[in-house]
Amino acid sequence: MDLSVKIAGLKLKNPVITASGTFGSGREYSQLIDLNKLGAITVKGLSLNPWEGNPYPRATETSCGMLNSIGLQNKGVKDFIDNELPFLESFNTCVIANIVGKTVQEYIDVAKELSKTKKIDALELNISCPNIKEGGISFGSDSDSAARLTSAVKEKTDLPLIVKLTPNCADIAALAKSVELAGADAISLVNTFLGMAIDIDTAKPKLANIVGGLSGPAIKPIALRMVWQVCKEVDIDVIGMGGIANANDAAEFLMVGAKAVAVGTANFSDPQTTIDIIKGLKIILKSKEMTDIKELIGSFNAR
Amino acid sequence: MYQQDCKIVEKEQIKSDVFVLTLESKEIASKADPGQFVEISCGQNTDFILRRPFSIHHVKDSTIKILFRTIGRATMSLSSYSKGDILNIIGPLGQGFEISKEAIIIAGGMGIAPLYYLAEQMLAKGIKPRVLIGAKNKKELLGQEAISELGVEPKIATDDGSIGFKGLVTDLLKQEIYTQIPNPSSLIPTLYACGPEPMLYEVAKIANDNSLDNQLSFERFMACGLGACLSCVCETKKGLIRVCKEGPVIGGEELLEV
Ligand SMILES: Cc1cc2nc3c(=O)[nH]c(=O)nc-3n(C[C@H](O)[C@H](O)[C@H](O)COP(=O)(O)OP(=O)(O)OC[C@H]3O[C@@H](n4cnc5c(N)ncnc54)[C@H](O)[C@@H]3O)c2cc1C
Ligand SMILES: Cc1cc2nc3c(=O)[nH]c(=O)nc-3n(C[C@H](O)[C@H](O)[C@H](O)COP(=O)(O)O)c2cc1C
Ligand code: FES
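Here the protein sequences come in this chain order: V and C. Under this note's numbering, the very last position in the first sequence is 303; numbers go up by exactly one each time. Under this note's numbering, the very last position in the second sequence is 258; numbers go up by exactly one each time.
If you're looking for bench data, these hints aren't it; they were derived computationally from the structure. The model shown is predicted, which means the values in this text are computed figures rather than measured ones. Treat the hints loosely; a few may be bogus.
To be verified - Short derived list, chain C residues pointing at chain V, Cβ under 10 Å:
#1 Gln-3
#2 Lys-7
#3 Phe-48
#4 Ile-49
#5 Ser-77
#6 Tyr-81
#7 Gly-84
#8 Leu-87
#9 Ile-177
#10 Tyr-178
#11 Pro-196
#12 Pro-198
#13 Glu-235
#14 Glu-246
Unchecked claim - Just so you have them, the derived chain V footprint on chain C, three or more residues with Cβ under 8 Å:
#15 33–47
#16 216–224
Ideal placement from N, C-alpha and C gives every residue a C-beta, glycine not left out.
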């Protein structure tokens with residue numbers, strides 16, 4: 001049975017990827033699952049210099065999901081290259097680096113540092129984090145600035161460039177089209193949906209940042225709809241995510257046309273989720289008398 | 001660190017809202033230090049999706065115990081499980097306590113959960129800790145009998161004075177430090193505390209004022225418990241630390257604003 005897929009020319013042994021920010025740099029999960037089995041690992045968002053993130057509390061659980069306002073805390077790209085990349089290199093799995101910046105130049109600098117290592121398989125441009133004021137979503141919610149950033153980074157790297165879209169925008173298909181035209185090699189979506197929760201006893205917000213990004217099963221139907229719309233609109237490869245917790249969920253995203261899927265919040269519920277999805281996809285293929293995952297991809301019949 | 005399906009071999013209800021579960025796991029039991037915790041998947045209900053952290057309360061042979069209070073949907077769900085049922089558990093997690101030769105243990109409310117195991121491990125090493133337990137009132141007091149059974153008579157503080165000292169357990173701690181003649185060995189005690197955050201900060205302050213070492217077990221909201229999500233951070237002099245990974249036990253001298 002062939003589960004392998006290609007994303008922007010990059011071959012993955014199966015279509016199951018870990019979503020940025022939910023899997024650390026892989027090390028945190030390596031005692032519980034065999035990282036060699038994953039299609040790819042997407043690491044936590046990396047900036048040029050260390051970022052502190054937002055004040056605590058930064059996360060809270062909501063019905064069938066969670067809100068987070070971590071704010072892209074990370075130790076910076078150099079620390080990642082020196083201390084985490086050598087560890088990831090010891091596994092036979094593709095590594096996707098998620099990059100963030102407050103200015104176009106910062107995105108370019110991070111991309112250059114990572115490209116130089118020759119040990120990263122692809123870059124994922126995070127223009128969709130709802131948790132920081134500058135950078136992130138301010139680049140991602142309108143088509144022009146998203147396109148400008150995409151082409152600026154694309155010019156400075158030879159790595160496949162995946163652009164991660166925010167669902168917090170007016171027209172997701174138009175946004176996707178504009179980053180495709182600007183030179184993106186692939187698109188991933190969705191990042192989290194802006195939301196909030198309050199504690200009625202104290203009348204205070206549950207997150208110090210007041211608002212945060214909603215993820216988990218609660219967002220799956222909306223994410224699936226958006227992935228479907230984007231797959232219809234663009235010719236480049238699409239990575240689908242948002243609330244995927246089992247093989248059936250993953251199959252839905254693949255059937256609407258995503259070439260691969262990413263698993264985020266479900267890693268917290270059960271660190272075995274990615275491994276279970278890989279096994280489950282084989283069972284789904286078998287039940288459909290398919291031998292290649294590529295037969296499942298795009299098999300959605302809207303009529 | 002292990003992730004396992006563990007059988008509930010015993011379930012006890014010790015108060016209307018407090019339960020003890022004994023869970024079978026040779027691997028977790030063999031590695032668990034006092035102060036470490038486990039992440040438990042508390043039900044099949046997908047309304048709540050995150051695991052919940054619980055301190056390791058006791059270890060015996062191939063079993064561990066957890067002590068918990070039902071305060072919300074996950075702990076309610078957990079309390080509905082019965083002997084023979086299976087729970088999926090990850091552990092042991094985090095950094096536990098370091099045992100010193102002279103100790104004062106300060107427990108506030110559910111804080112007794114990890115500290116009972118600490119006291120027991122100290123006694124097994126021939127160290128006799130002094131134990132102070134705080135509670136709102138007599139009815140909510142936890143751990144008095146269990147600690148006595150270990151052979152240490154705990155001192156009690158309640159907010160309303162319904163049993164023991166009337167006042168905060170940290171006021172009782174001050175009394176203990178200022179009035180008690182140290183052991184003949186004249187070893188300087190280390191303070192070990194777990195309980196509500198204001199209590200921990202007060203213990204850190206008392207320790208600081210008296211130049212005592214202190215180890216405090218913190219609680220933070222945890223989404224992953226594994227060090228991956230950065231939701232459980234605490235600001236310290238060393239910068240932001242992950243309470244699930246570098247904690248939950250933190251040296252009071254690391255805290256800001258003490
Ligand atoms: C390291 C650690 C050890 C703990 N040990 C014990 C123990 O031994 N016994 C015990 O009774 N309780 C312990 N707790 C607290 C326990 O995890 C919470 O009581 C439990 O998560 C509440 O879940 P709930 O759904 O019933 O309540 P909810 O309705 O979700 O929330 C009630 C309260 O619990 C807090 N809470 C909710 N989810 C989490 C989470 N994932 N992590 C941390 N806090 C949360 C909320 O902020 C809220 O104040 C510990 C917490 C930590 C961080
Ligand atoms: C705690 C947390 C941290 C995240 N950090 C990042 C990040 O650094 N970069 C990024 O592009 N997306 C980040 N995300 C978004 C996820 O990668 C993913 O797009 C989103 O959570 C939807 O998928 P899910 O429902 O499977 O979690 C984060 C999500 C969570 C829950
Ligand atoms: S709970 Fe995820 S890093 Fe601590």
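Q: Would you list, in rising numerical order, the hints stated earlier that this structure does not obey?
A: 2, 5, 6, 7, 8, 9, 10, 11, 12, 14
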